[in-house]
Structures are given as structure tokens and as C-alpha cells.
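A.B. asks: Given chain A's structure and the hints, the job is docking chain B onto it.
As a plain string of letters, each chain reads:
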Amino acid sequence: MAASNPPNMIDPSIIEYLKAHGEEEIQVGDKLHQITATLNRHISTCQGLLTRIHSTPSSKLAPLLKQVEETGIKPEIESVGELSEFASNYPYYKYNHRWTRSVQNVVSTILLTAWLGGMGTESRPGELGRLLTIEEVGEIVKVPVNLKDRDAFHISIEEYLLALTDISEELSRLAMNSVTMGDIALTVRVSGFVKDLFAGFQLLNLKNDIVRKRVDAVKYHVKKVEDVIYDLSLRNLIPRQTE
Amino acid sequence: MSEVIVPQKGEGFVAGVKRDRQGKEKPMSMSRGNAPQQGGAYTTMFEGFRDELDEHHDRRMRIGKVSRDVTALSKKIIFSLQRVRKLSQPIPTHIQKDIDQRLQEIATQLKEIEPDVQGMNRYRYPLICLEEFVEGVSFAHYLRHQTLMTPAQAQDALLPVNIHLTAPDYVFGIFDLTGEMMRFATAVTALSGSMPTGQKNLEDDADKSGADDDQGGQRSILTDMQDVSSMLHICPTVGKPGTYAKKLSIMIEQVRKVELVGYGVTVRGNERPKGWIPDLSEAAGGDGEDTAMT
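Order-wise, the sequence lines are chains A and B. FYI, full-length UniProt numbering numbers position 229 of the first sequence as 229, with every residue one higher than the one before it. FYI, full-length UniProt numbering numbers position 244 of the second sequence as 244, with every residue one higher than the one before it.
To be clear, the hints were calculated from the coordinates, so they are not data collected in a lab. Just so you know, these numbers come straight off a predicted model, no measurement behind them. Please note: incorrect hints may appear among the correct ones.
Covered, in the sense of this in silico footprint (three residues per stretch, anywhere, with C-beta under 8 Å from a C-beta of chain B), are these stretches of chain A [said to hold, decoys possible]: (1) 9-17; (2) 81-94; (3) 115-125; (4) 139-153; (5) 188-202; (6) 205-219.
Derived DEER-like restraints, expressed as beta-carbon distance ranges [as the list claims (entries may be wrong)]: (7) B:Thr243 with A:Asn205: 25 to 33 Å; (8) A:Ala185 with B:Lys65: 49 to 57 Å; (9) A:Asp149 with B:Phe79: 55 to 63 Å; (10) B:Ile234 with A:Asn177: 52 to 60 Å; (11) A:Lys66 with B:Met61: 44 to 52 Å.
C-beta: ideal position from N, C-alpha, C; glycine also.
Excised from the complex, chain A in its bound form:
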């Protein structure tokens, strides 16, 4: 090899450069893998607990939501905090694909819990049908949202929007199950909400990307709820709102 000649083909600085960058990517990748693995475990727990909303009557929902907050969302927030602290040392969009799905899941568990009346604070008690804004989610998770002026970890608009499509799916399922559980008022409530969300999504100019794909599915959630409402109204089962 000619590598021992003084005017070499390859300057030693190039090899150093490649090693430094390559090793950093490996180390960051390993650490992110470790953090997101823990985070994903917490997410599974949280989502698992939340599946019980489909079999829990409204009267017993409050203790369940309390449990979700304590054993589901709280650990999630801790993990996201760790992720945020570590990831903020590196370019956000370079590694963002490693955690974006997890963050989206965290946001959707929080949104769903809050919508069902959880996530109350002393200043603002939980309330059925409350949609947290992206800023409110940021305050709960204690991370910035939609950052534009600096390069650090944050919750992006895309992640929030995708989380909205998640809860529209989950709530459309709940609309059906709450009929089974005898809580038709909740079904009506979900119907209004999912329609409002759909109307909101229609205001977006979407390009052919993941957001578009997921938002396209929301109309099927609306349809699913509509069908339930139709069945109910046909049988005169929907209570009059004016009463």
C-alpha cells in the first residue's frame, strides 16, 4: 500500500474525521436506543391501561384515569425528560426519526386521558371533552414545543397532529363501546369531537406524507361514529340535548 508515502492519497485528518463522526453516531445511537426502549415500555403500560376505558363504565372512569396518570403517564414523562436532556446535545432532525413515533404515542396517551377527564390540576380540574393544546401538552411533559429559534428537543406539530389522529381512532372505538356500557351521552360527545377534529384537519394543506396518510383515515373514524349515532337515532335512543 502506498499509505506510507509522504504525500499520501489520504491525509490522516480524514481518517480522524471519519472515526470521530462515525463513533459519535454509534454512541448516540446506542444511548438513544436504550432511552427509547425504556420509554416504549412505559408507553405500552400506559396504552395497556388505557384500553380498559373500553370496558370501564363512566362512573368508574375516574380511578382508572388516576391509575393511568400515576403508573402510565408519569413514567412516560420521566423518560421523555431523559430523552430531551440527552437529545438536545445533538442536531434535532439528525436523530429525530429515532423517537418521533414514541413521542407521538406519549402525546396521544396524554391527550386521550385529558379528553376523558383526567390530567386535572389544582388550578384546572379535569373535564370531559377537553382537548389539550400542543402548548398544554408541552407544559405537562415539561419540554418545549414547535421550537424554531434553537436546535433542541421538542414536540413537533407533526407529532401532535399524528397523536390527534390516534385519539380520534381510539375514541371512535369508545363511541361504540360506551353504547354497550349504556353511556349514550358519551357516544354523542365523542361524535361531536371527532367531527370537530375532522373539520380542523380539513383546513390543512397536506402534502403526500405521513400526516396526510393518517389524516385520511380520520374520515373513517367519523363514519364509524356516525353509523353508531344513526343506529341510536333510528331507535330513538339519543337523549334530547335540551332536556
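C.D. replies: Relative to the frame of chain A, chain B by itself:
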């Protein structure tokens, strides 16, 4: 009487804004606030998102367009460079002039999107053209100096454009460089009957010791390619691992092709009359090696 307000372009078609008969915007609280349970409860929020997403998509489009143009210009630089016939010498004036002009066009184009790819947004949008750019300038650098361009030199070549060159930009550009070296090596070997090798007198490498090549101390393009290939094999991967692996395997293929060419001229090169050209014309830029081009 208050005058009629004509909606300005850009705000005129914003849906969901209620206007009175004069065309003035009605306050949001009047139209929406009283009925949070009605359709459009989240109109304001989604309109905010729409503006953000539009900004993002517009930026992506601008970057994509410039990226395509810069890629095309870089390819033209590479084609011009493939007309060079000698290694480690100044590039002929007419070719250099051509290249300088293209580089200037590239700078003008990239200047346009400079603000779009600063800071956090540098990694947000694909800017493939920088790989092509590195391929072009590092090929020119190699032809002139017969050394591999360093990342710092590649970054300097971008001046006056202030866009950060990332490690994947550099490395993937160098992967593509070996493809150009292969075409150059094949073409020049075919034309001259010997593997391109550094010109001793024209470079400031008089202090060169240790003759370890068959070319009297001068490195041939084949050993250079083998060096680059080993280096990229040894060093940890950067960028998308899949892309790296794919480019690495293409590069290995290219090195092997040039090894075959080197073997060919060593064994039977002298049997051929000088200037004998196989079915490989300058315009076509070589045959059977199009796998290298993307």
C-alpha cells in the same frame, strides 16, 4: 362610511375567517367562541398549524428545486473533468473555465436557500446535491493534486455559501468519487496503454522517498482507489447504515474493475499499439460501468 376592505392575496382565501359586509374580519369570539361544541371548535388552532405546515412545505419545495439544479450542475462539472487526460497536473484552461462557471452557478443557487437550511433545519430536508457537489470538487482536487480532498477543503470549496457540510455529505460524495476515478482510470488506460499515475516533476513532491509502486515511486490511480476503499471499510459508518453499505459494496465492485484493468495492461498492455481504443468513446464516457452512476 367605512371603506370596503378588499382581501389581500395570501389572506383572502383563508378559510374559516368570517367577514362582515364590508369585508372586515369578524372577531373570532363572535363567530366561534360562543359555540365550542359546534363544528370548527378548533379552527383557530388548525389554522395556526396550517400556516406552519405551509411554511415547511414551501421550504422543502424551494430546497428540492435548488437541490435538483445543483445536482445537474455538479454532474456537468464531472463530465467536463472526465475530458481531462492527465493526473496530478493543473486542469486544462478551457475545462477549468467551464468548471469555474458552473461552480459560480452552484453558489448562486445555494445562496438562495442558505437561510432555509441553517441551524436545526440543516438535517430536516434532504440536500442530496451536496454529495454530488463533493463528488465534483473532490474529483477536480484529485486530478490536480492526486490526493483525497479533506472535509475542511470540501467545506471551503462551498464558499461563499455558508451551508454546513455534514459527514454523510462528505463520505457519500467520496463514495461517488471512486466511481469517477474508475471511469477516468479505464478511459485513460485504454487511450494511453497504462494506468494513470502521478507526474513526478509537476507536483511539489520532490522529497518523495520509499518507492513502493511499480511506477517508480509514483502512486497509480489503482492504489489510490484501494486506499480509499480500505479507509471507508475500516472507519465506522456515518449516515444511514443502509445507504453506506450499498455505496460501500458498489465501491468495492469499482475497485475490482480497475484492478482487472491494471492486470490487463500489465500482462498484455504492451501488445496493444499505443492509442488503440476499445469500444469506448470519450463522449460515452466508458462502457459497462454505468452501475457506478446514479
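A.B. asks: Could you run down the list of hints and mark each one as holding or not?
C.D. replies: Each hint, compared with the structure:
no.: 1; hint: 9-17; verdict: holds (count 7)
no.: 2; hint: 81-94; verdict: holds (count 4)
no.: 3; hint: 115-125; verdict: violated (count 0)
no.: 4; hint: 139-153; verdict: holds (count 5)
no.: 5; hint: 188-202; verdict: holds (count 7)
no.: 6; hint: 205-219; verdict: holds (count 4)
no.: 7; hint: B:Thr243 with A:Asn205: 25 to 33 Å; verdict: 31 Å, holds
no.: 8; hint: A:Ala185 with B:Lys65: 49 to 57 Å; verdict: 53 Å, holds
no.: 9; hint: A:Asp149 with B:Phe79: 55 to 63 Å; verdict: 42 Å, violated
no.: 10; hint: B:Ile234 with A:Asn177: 52 to 60 Å; verdict: 58 Å, holds
no.: 11; hint: A:Lys66 with B:Met61: 44 to 52 Å; verdict: 47 Å, holds
Checked against the numbered hints given earlier, the structure breaks hints 3, 9 and satisfies all the rest.
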